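J.: So the sequence lines, in the order shown, correspond to chains X and D.
Positions in the first sequence are counted from 1; adding 438 to them yields our numbering.
Positions in the second sequence are counted from 1; adding 356 to them yields our numbering.
One or more hints might be untrue.
List time: in silico DSS-like cross-link candidates among lysine-lysine, alpha-carbon distance up to 27 Å [claimed, not checked]: (1) K720/X with K731/X; (2) K724/X with K685/X; (3) K685/X with K731/X; (4) K720/X with K538/X; (5) K428/D with K939/X; (6) K669/X with K539/X; (7) K731/X with K538/X; (8) K436/D with K865/X; (9) K428/D with K865/X.
Please keep in mind that the hints were generated in silico from the structure rather than gathered at the bench.
Bear in mind the structure is a predicted one, so any value in this text is a computation, not a measurement.
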Amino acid sequence: MWEQIADAAIVIIQPGSLLLAFLGAAMGTVFGAMPGVSATLSIALLVPVTFEMTATSGLIFLGAVYCGAIYGGSISGILINVPGTPAAVATMIDGYEMTKKGKGGLALGTDICSSFVGGQFSVIVLLFLAPLVAMVALEIRSAEFFWIVIFAMSTIGAIGAGSAIKGLMAGIFGLIIGTAGMHPMTGTLRYAFDQPPLYEGVPVIVALVGLFSISQVLYLAEGKGMDTQLKIPEVGRMWPGRATLWKLRGVLARSSIIGTVVGLIPGAGADIASFIARSEAKRYSKNPSEYGKGSIEGVCSAEAANNAVVGGSLIPMLTLGIPGNAVTAALLGGLLIHGLIPGPSLFTDAPDILYPFILSLFLANLFFAVFGFGALRYVAKVVLVPQGIIAAVVTALAVIGAYSFRNLTFDIWIMFSLGVVGYIMRKADFPLAPIILGIILGPMAEENLDRVMTLAHAKELTTIEFFMGRWQTVLLMVLTFAAIGYSFYRDYRYRKELEAKIANGEDVGK
Amino acid sequence: MHFPKGAAARDSVSALVIMAVSAGGVYSTFEFPQRAAAWPLYMWGLLAAFSVLLLFNSLRQTVTEQLAQVDKAERNARIKRIAINVGLILGFVILVPILGFFTAAGIYLVIHMSYLGIRPYWLVALVTGGVLIAFYMMFEFFLGVLVPHGLIF
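In isolation and in its complexed conformation, chain D is listed as follows (with noise of 0.2 Å):
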């Protein structure tokens, strides 16, 4: 048995995750009108179709030794600097409604710069009031765009 590495590990794992999505995708279109189902229904056919068409060439690949040389603890590494970066949006999102945009832009521009590496903090700083002051400027006082109000600003 021949178990793909590397980039064709990533497309057999990819493959197999939208299968099971198609799968439950052509499933959706049964709660449909025979009208409204028609076309997510050929779509979702199609992407399974060629899911299965990934897997296929992924698990043929032969050149799996070169491409799989990857490093594991800076996988990992990268992945937990991901993960961090997401949850740092994710607060963002969810503060924004709370505290209102700016309140929320500034706690979060100076958090994920600071954890991007961005040195020293008055560069931090600095770039943070920049951007705050320059974007009520443009779009609150100039444009009148909306931006998300909230608790404190």
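Okay, chain X solo, but in the shape it has when bound (with noise of 0.2 Å):
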């Protein structure tokens, strides 16, 4: 492995890669600044523009973005009190709160260091860990694959931001739709009709970008196309000083490996992470009656968590080809364009692709951090673009992504029902994340269960019989269906507590 991380060293250190990285980075900092467009919505509207480049080069690339979004999400939370990203509201509590105090430098310099050190502590993990679950993932049979894949989706619902019933449906949802095109046994087609750009079933990347873009650019356009009241304020010196920074170890610590575990989780997110971590900061804090008027440990505690997920949630997606997240599932789609299938075996077929790109993680948390002391102050006022004007140039670009991922009209066509589907879906509250996890795992799972019956009836056994043979795949089943019951439960004990507070005269919103 050592062999491995010095020749990927040799990689990023190439101008071009350190160039890319940079760009990535400032790209995703810029794009996860502006307020509705998150980091998944960043990596679908970009990756079109790494189809010409290498494997390797494209997924430097992305990295960045994805680093770089994450990181940029807070920034409009904590200047306008409008989060970048869903991962940003938990930073926003105290960081818009220390921009009213006059202390908005400071929130953002603590917000760059806080990013930079989550981020970095979370790839030390990813590279290390990694191969070694990898190692693992190859010894696992397709009927613990197949289970595998169903706990990654019900967990979804369990985790899940929401109704819990809601997102397992989108999750069935999206695998529904994984069942377009050719089927892997029998070469049956389904749900093609006719049309020959449906025989390989719905691109990633299409869907992706028609369920993040297109749904987003409708929520967009519900609101005022303008509004000219918003005003950065003078944000101040953005260095928090060696002295706040050792008094934030901790802090930083706890909140990075909180992050980085929750990341590991399908389903959980960087906004669960941050609202876990900030959580966790205030039970161990000194004063926690400081959290929400402005603390600086506040704002410290959820971006170190949400920057540390990024390298968390990596593992399952490159290990086992599982991505928790929609961002995982959107750098999922930039790897397969390039032909690149994640899974255990991309450690051994791909590692001069793979270590680069872990490795140029370490590159994209310093050059947001960069760009961020450096650039900050000058292009802060991209958290001020119109939405009205976001949504126009979304538009524009989700049609040149979904087309020249094939080169195809009709995967314009596509992108935009879909696009308009989600909308439908994100006003009756489905979560979309699930879907396109769905689209992704559907043929995976799909297509181990076809085996699982295969070998079943070979050996003369039911499915059933035939999962109950080993104890790993029945440890998995059981997860399953824990977590579906938890799913049920939440949802339960949700409702218990909305009709709670609507009985004690609550405002509960609409």
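Assembling the complex is the task here: the two chains are given apart, and the hints tell you how they should meet.
T.: Have a look at this one:
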């Protein structure tokens, strides 16, 4: 492994790689800073930029966009109280309070340092843990793999935000879209509607662009196109100082670990990690009453955790091919277009691409920090870009993204259709991330189930008997049913809390 | 008989629509050979089961009074606004293969930004021109990514 790391280091210090990492981090930061443009959308929109690049260059760029966008999301939250990404909501609570007190610069500086530390910590974990997980994953058989996929899908319902039942339904909807095209075992065409572009199924990148960009455009277009009332306040000095950072070392360490661990769990993204880390930081704080009133620890904990999710979330994606959240699903789409199939064999088949990608994330974290301290003062105005402009430009970029993947006009129609469906689902409070995960994981689940059925048939067993034959499979089945059971319990508890609030005359919103 | 309102009504409608679609989905699997039908059949079946659960939950919801206070006029205006936005994007999608990406995008950007209230108009023109030049330079000139071309450009 050390030899591969050394080879990768040589690749990433080439001027071209450094430039791509810097551009990716800077573009990710700027995109993430725009309210309404999430990290997922940033990657989905910038994937076409990599079509003509080599796989290594493309991944270095997309990885840097990921790191930059997660960090950049907090800028608008801190400055104008509008989070750029859902992951920045926890940061915004204290960050904006600090801005109101004239400490916006300190909040932004702490944000950069915490994101940097959290990001670098998680990449170290990724670098050393992923190959080990990949080695174990090579031993996984079809039956276990099938249940790992089902478990991943069920945890999305159990852990994801909002209604658990709707999360599970969205996941199943994605799994159904994933059945479109040719059945891998029999060659039967399903849901292709006599359209040759659908014979290979719905392309992940096209679905991603449609679901996340067009639905978001329609969402943005609901509001006012231009809000001239918003102004960026004077932020002052940004560097928090070594003494302040030293005081925050415990919060940084704890939040980085929480972020990385949460990132490993399918369904739990940066938004969940930042809230858990903030809550834990408050629990251990000497000044818990400061939280919500402009606590520097609040900003630090949320930011370290949400950037630490990056490395953690890449571990299941790279080693098992299972993206834990929508952002890694977008990144997985980037891998697929370069002919790389994520999974345990990726570490043995393409270490010359994988290790430079992982190492480049160190650079990406460094570059967004440099960009943040060096240029944020000048580019912060992007947070004021009117939503009307963002909506129209995102649509144009989405059309290029959908078309240029296969150079087919039909793909623009798929994108548009899925975008409208995605918008309707969002309005009905169905999450979109499980849909894209279902589209990716559906074919994997079906292929492994098919293999299991064939093996079971050969051994004259039923499929259930075959599953019960190995304790690992049984364990995964138990975990899956526990996750689904917990989802129902969570929905029940949520409803009861809502009823109690209504009974007490509290405002629960619409 | 208890009729759900607000968010609960939305869930009920969603559940009924999904139930109908799932029924159609289950039926569609009968066309496939048994091996190819198994997985989609399970998925449609599960979706149908969850939609029944969603309907059951929405009918049981007793918290509808406060949640139901939505201004009808505001809602209709929003629906109209969204329909126009969808129409504008649809028009863009239709025009792309006919006129080519850059021409269609130019027309679309001007109309959509104007509709969304971007003012003054020179800003609309500036953004449109800037975006088209940036896209051309980035995708066609530097990266060699194919964009749709048509009658004009």
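J.: Evaluate each hint against the coordinates.
T.: For each hint, the structure was consulted:
Distance hint between K720/X and K731/X is fulfilled; the C-alpha atoms sit about 12 Å from each other, no more than 27 Å. A threshold of 27 Å between alpha carbons decides the hint, and for K724/X with K685/X the separation of about 12 Å falls inside it, so the pair holds. Using a Cα cut-off of 27 Å, the hinted pair K685/X and K731/X holds, with the two alpha carbons roughly 19 Å apart. Taking the CA atoms of K720/X and K538/X, the gap is about 21 Å. The hint holds against a cut of 27 Å.
A distance of roughly 25 Å separates the Cα atoms of K428/D and K939/X; the hinted pair therefore holds under the 27 Å criterion. A hinted pair counts as satisfied when its Cα atoms are at most 27 Å apart, and K669/X with K539/X qualifies at roughly 15 Å. Proposed proximity of K731/X and K538/X is supported: the alpha carbons are some 10 Å apart, at most 27 Å. Restraint check for K436/D and K865/X: the C-alpha separation of about 15 Å stays at or below 27 Å, so the hint holds.
Of the pairs offered as hints, the one joining K428/D and K865/X holds, with about 16 Å between alpha carbons and a cut-off of 27 Å not exceeded.
Going through the hint list in order, the structure satisfies each hint without exception.
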